[in-house]
Amino acid sequence: MTKIKIKKESFWERNKKSEGYLLKKKLTSIFVSVARFILLFGLCFLILQPILNKISVSFMEEQDLYNPIVVSIPVHFTTSNYELAAEIMNYSKGFVNSLIISLTIAVLQIAVCTLVGYGFARFKFPLKGLWFAMVMLTIIIPPQVISNSLYLHFRFFDFFGIIKLITGNTLNLRGLPVPYYLMSAGCMGLKNGLYIYMIRQFFRNIPNDMEEAAYVDGCGMFRTFVRIMLPEAKPIITSCFLFAFVWQWTDGFYSNMFLGTTTLVSTSISRIVDSLAAYMQRILGAKVSISVAQSNAVLSTGTLMVVGPVIILYLFAQRQFVESISSSGIKM
Amino acid sequence: MNKKPKHRYVGLEKRKAVAGYIFILPFIIGFALFMVKPFLQSLYMSFTTVELGAGKFNMVWSGLANYYYAFRTDPEYTRLLTEELLRMLIYSVAIIVFSFFVSIILNQKFHGRALVRAVFFLPVILSSGVMLGLESNNSVIALMQQQVEDATTGISITDGLQTILRTTGVGVKAFEKVFEVIDNIYDVALASGMQIIIFLSGLQTIPKSMYEAADIEGCTAWESLWKITFPSISSLFLVNWIYTVVDFCMRSDNELVEKLQKVMIQQQDYGASSAMTWIYFLIVIAFVGITSLLINKAVYYND
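Residue numbers (the numbering used here), protein chains in the order written: chain H, 107 to 438; chain G, 30 to 332.
Worth flagging that the hints you see were computed from the coordinates, not collected in a lab.
Just so we're clear, the structure is a prediction, and the values are computed from it rather than from any experiment.
Note that beta-carbon positions come from the ideal geometry of N, C-alpha and C, so glycine has one too.
Careful: at least some of the hints might be erroneous.
Covered stretches of chain H (in silico footprint by chain G; criterion: 3 or more residues with CB under 8 Å from a CB of chain G, positions within the stretch not fixed) [to be verified]:
(1) 148-156
(2) 220-230
Pairwise CB distance ranges (calculated) [unchecked claim]:
(3) R388/H with V122/G: 22 to 32 Å
(4) V122/G with K123/H: 41 to 51 Å
(5) S162/H with A143/G: 44 to 54 Å
(6) P174/H with F316/G: 39 to 49 Å
Could you build all of it, start to finish, from the sequences and the hints given here?
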């Protein structure tokens, strides 16, 4: 082994040779990384602080909440808040209901959106531009605009007058999950336009050759889609599914409008403080005013119990959530 | 040139067109049933008085009465409308600026980058839907917030700066809006998760060689930010702007939306509620259209 001779120079010698440039550069980079650390730490803390705060409050007994010495670590550690919140929200039932509804809705929405997104990405047909403009329109129109009309639409539901002809009356579908499933099957659920857009964007980036080879070999349109295109699109479908699931889980608007009578975690959390008052009244037999501190503790606990499953899911599937968006190459 | 292949492949092209329509059929049906009809009906309803009866509802034509009601009779509507629109404008600009700079920072290499990105994206998952409107939905909580705000008015981040600017005579309305945004940086950070990811995806497509060349030519980092980074991802500003504005309209802590729901469900006044919604919607659409055109003019397209 030949010895390579390198003359070891100290940092200061090298600095001297570069006429102070090296030192300047080094100092700047240290300064930048310190400033960056402080800024990012602050912002991350800002985002996480409400959650951390809720966690600490949820383990406190009521006397800790009034104690000015107790800030974040409870003196009297208790899990009674969780028991109380679970009781009021009917948590186990709500959890199962939410799970079933979110899963089925997400599967349905993503299945349909994948079909539509593929149709827009891979086929040429007349009026395609117009229809795609309509997809964009569904993204832009807030659901609130049509909510009052939808409300009446399902209150007096009818299918081209057929139901009225048979039973003599229109159907009241409000409070049942049926309308929402129908809407999901028609790509009109929560943020479905966005999923169509993302899936279309992904399919557009797949090279044409594979599809053409399949056609040449005599594979039909639908079989090509199922056998060749779907496996390619796994990442984007997974991430859209995760979004659909999570957003459905925490959604208040559609849940309140269509699923008002079903016990869901997202709708019961928005009523939790009122339910607490009612619960206390039922137990004590007299009208009591709930203290601000206690309702806050129960609300924090309830919120944690609703977002807890979502956070756990996010911890495990973080890559799928984020990377698909960056890889789908969103452009105008 | 176009004609010949078209003529030759008429069979396959036709089949492909049919297949395309079959693929998007669910959307067409859903759109017709659950979007077009309610959309037009809601427009029509805004010109009528809706009377609910057993098993049916009647709509009696009443001209512009609902619009007149929204602007002239209802005590809250005009105030809420102007407030929300102003808030939308200010916050959307703040969110875009914030997410642009944060995404630039997150695009640099440092330890724990993945963790920080995950934290910034967390609000997208959590704050959609109920979580956002939860804190102020309730009278008890509202009372508590009031108390907390009263107790902490002295410790606003920008308070010192505000006093200085006021005493030197600089503090005008515009400054107060800026301070309001800075004090509410939490709301801004919560609303910009998606925008940060979109900007990041754009930043990753810029070739590194460009920055190296600029650096060798003696370009400072600040200059290359505005001369390379900014033009390269300027098209994403448009996407993000539209996303932000639309997202803002759908937030459940939007007071105007709450008001619309109240008129519909509690007062059972479907006509007035539709009229109010349509006014809001038209203004927002006009706003999005005009601003997108303006931004689109400034966007630099590289192809």
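To see whether the hints hold, each was checked on the structure:
Counting residues of the region 148-156 of chain H whose CB falls under 8 Å from any CB of chain G gives 5; the rule of at least 3 is met. A stretch counts as covered by a chain when three or more of its residues have a beta carbon under 8 Å from one of that chain; for the region 220-230 of chain H and chain G the count is 8, and the coverage holds. Against the hinted window of 22 to 32 Å, the Cβ-Cβ separation of R388/H and V122/G comes to about 49 Å, which falls outside the hint. For V122/G paired with K123/H, a C-beta distance near 48 Å keeps the hint of 41 to 51 Å intact.
Taking the beta carbon of each, S162/H and A143/G are about 26 Å apart, not inside 44 to 54 Å as hinted. Evaluation of the 39 to 49 Å hint for P174/H and F316/G yields a pass: the beta carbon distance comes to about 47 Å.
Of the numbered hints given earlier, the model fails hints 3 and 5; all others are met.
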